[in-house]
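Produce the entire structure from the sequences given, and follow the hints as far as they go.
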Amino acid sequence: SSKAMESDMAASMLRRLKDDGFEISAIHADNDSTTAARLKAEFQSLEKRCDKNHLKKNITKQLYSLSKSHKQLKQEGVICYITKCYMHPLSIKRQSEEEVGRKLDMVVPHIFGDHNLCSTSWCAYHRNPKSYRMKYLPDGKPLNDEMLREALNRITLSLKRILPQLVCLGSTQSNENFNNMVASKAPKNRTGNADPVLARVTVTVFLSFPRYTIAVFDRGMDCDHDDTATV
1 SSKAMESDMA ASMLRRLKDD GFEISAIHAD NDSTTAARLK AEFQSLEKRC DKNHLKKNIT
61 KQLYSLSKSH KQLKQEGVIC YITKCYMHPL SIKRQSEEEV GRKLDMVVPH IFGDHNLCST
121 SWCAYHRNPK SYRMKYLPDG KPLNDEMLRE ALNRITLSLK RILPQLVCLG STQSNENFNN
181 MVASKAPKNR TGNADPVLAR VTVTVFLSFP RYTIAVFDRG MDCDHDDTAT V
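Residues in the sequence shown are numbered from 1 upward in steps of one, following the UniProt record's numbering.
If you are wondering where the hints come from, they were derived from the structure by calculation, not from laboratory data. Hints may be right or wrong, so weigh each one.
With a straight-line Cα cutoff of 20 Å, these simulated SDA-like cross-link-like pairs (lysine to any residue) come out [to be verified]:
hint, residue 1, residue 2
1, Lys61, Lys40
2, Lys103, Ser121
3, Lys48, Ala36
4, Lys40, Lys68
5, Lys160, Thr83
6, Lys84, Lys160
7, Lys160, Lys68
8, Lys84, Pro142
9, Lys71, Asn153
10, Lys71, Asn144
11, Lys103, His126
12, Lys57, Asn153
13, Lys48, Arg161
14, Lys68, Arg149
15, Lys48, Arg38
16, Lys52, Leu157
17, Lys135, Ile79
18, Lys18, Glu6
On a predicted model such as this, the values are computed, not experimentally measured, just so you know.
Okay, here's the thing in C-alpha cells:
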C-alpha cells in the first residue's frame, strides 16, 4: 500500500544518511502515525515535528466541521481569521514549548473580545482600546457563541498536547512540488519501462536542483579525469 511504501522509503532514506555519516535529529512530516511509529522504533532519538501546511489544513478542516453546528463560523472570513490566529504563534521561529503554549492560550480569548492575555506585538487592542475593532470579523465585533468557544478551547488543548512537535515548524512543500513534477513528466499511464522513467526523473531532479546536479556532474567528471591520468 502507499502508506507502507511511504514509511519504508522514509526508513530507507534515514539509513542511507546515517551510513553516509549524517545523524538526523528531527523530521518534519504530516500526522501519519504509521511512518512515525516505524521510524521511532528504529531511530529512538529521532524527534517528529509537524509540517506547517498540513497543520494549517487540519485546523481549517476542524473549523469547517464545526461550522455545521455553529452559524458564526459560516460568516465570511471567520474561519480564515481563526486559522490565521492559530498559525501566527506557531509560525514564529526559535520559541520554547512554554512560549508556544502561552501564545496558543491567547487565541480563543482574543477572538471573543478578551484581550487580557494578548501581547502588544500581536494584538492592537492595547494601543487604543476605545477605537479598536476586530476588522477581520463581521461588523468588527468579537464572536459571542459560548458553545463555539468551548469547541475552540478543545482545539487549543489538542494542539497543546503535541507542543514538542509544534516548536520550529517545517514544511514539506518542496518535496510535494518535486513529486508533482515527477508525476507530470513520468505519468504512470504513459511511462511503462524503466529507461524512460529514469530519464524523466533525472530531468526533474536537474530542473529542481540545478546547482546540486551540476556540482555532482562536475565532481564525476573530475574523478573520471583523475582515474584516466593515473592509468
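Results for each hint:
no., hint, verdict
1, Lys61 <-> Lys40, "28 Å, violated"
2, Lys103 <-> Ser121, "11 Å, holds"
3, Lys48 <-> Ala36, "7 Å, holds"
4, Lys40 <-> Lys68, "37 Å, violated"
5, Lys160 <-> Thr83, "16 Å, holds"
6, Lys84 <-> Lys160, "17 Å, holds"
7, Lys160 <-> Lys68, "25 Å, violated"
8, Lys84 <-> Pro142, "15 Å, holds"
9, Lys71 <-> Asn153, "17 Å, holds"
10, Lys71 <-> Asn144, "11 Å, holds"
11, Lys103 <-> His126, "16 Å, holds"
12, Lys57 <-> Asn153, "18 Å, holds"
13, Lys48 <-> Arg161, "14 Å, holds"
14, Lys68 <-> Arg149, "15 Å, holds"
15, Lys48 <-> Arg38, "12 Å, holds"
16, Lys52 <-> Leu157, "18 Å, holds"
17, Lys135 <-> Ile79, "14 Å, holds"
18, Lys18 <-> Glu6, "19 Å, holds"
When held up to the earlier numbered hints, the structure conflicts with 1, 4 and 7 and fits the remainder.
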